[in-house]
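So in our numbering, spot 62 of the sequence shown is number 62, and the numbers just go up one at a time.
No wet-lab data here; the hints were simulated from the structure.
Beta carbons are placed, not taken as given, at the ideal position from N, Cα and C, and that holds for glycine.
Please note: incorrect hints may appear among the correct ones.
Said to hold, decoys possible - Pair ranges (Cβ atoms, derived): (1) E24 to F71: 35 to 45 Å; (2) D93 to F71: 37 to 47 Å; (3) D93 to A68: 34 to 44 Å.
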Amino acid sequence: MNEAKLYTIIRAPRVSEKTARLQEVSNQYVFEVATDATKADIKAAVEKLFDVKVEAVNVVNVKGKSKAFRFRMGRRADWRKAYVKLAAGQSIDVMATA
1 MNEAKLYTII
11 RAPRVSEKTA
21 RLQEVSNQYV
31 FEVATDATKA
41 DIKAAVEKLF
51 DVKVEAVNVV
61 NVKGKSKAFR
71 FRMGRRADWR
81 KAYVKLAAGQ
91 SIDVMATA
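The whole structure should be built from the sequences, with the hints applied where relevant.
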């Protein structure tokens, strides 16, 4: 898999208080991924990009919200979120990549 395709699968790390707690407690990292990416694609991309061993991948489809802007209703896009659990003793520096 070439590097350009890896970056289309994994769009960006999600950094929040919840994801920071997940990193500390269960060595899980959260990424925004392509809507058509499979768990196997995500696992391969994370292992190649960050040179780590992935134990498990859980995926969530996040529905976009409806928002009002200047008296017009608009809709944010749907997106996909991946929870990636790494093997013990391994880590990813998401602040450097964010």
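Problem - Supplied distance hint 35 to 45 Å, evaluated on CB atoms of E24 and F71 - result: Since the Cβ atoms of E24 and F71 sit about 44 Å apart, the hinted range of 35 to 45 Å holds.
Using the C-beta atoms of D93 and A68, is the stated range 34 to 44 Å upheld? Cβ of D93 to Cβ of A68: about 38 Å, so the range 34 to 44 Å holds.
key: Range hint 37 to 47 Å (beta carbons of D93 and F71) holds or violated   = Holds - the Cβ-Cβ distance for D93 and F71, about 44 Å, lies within 37 to 47 Å.
Checked against the numbered hints above, the structure violates none of them.
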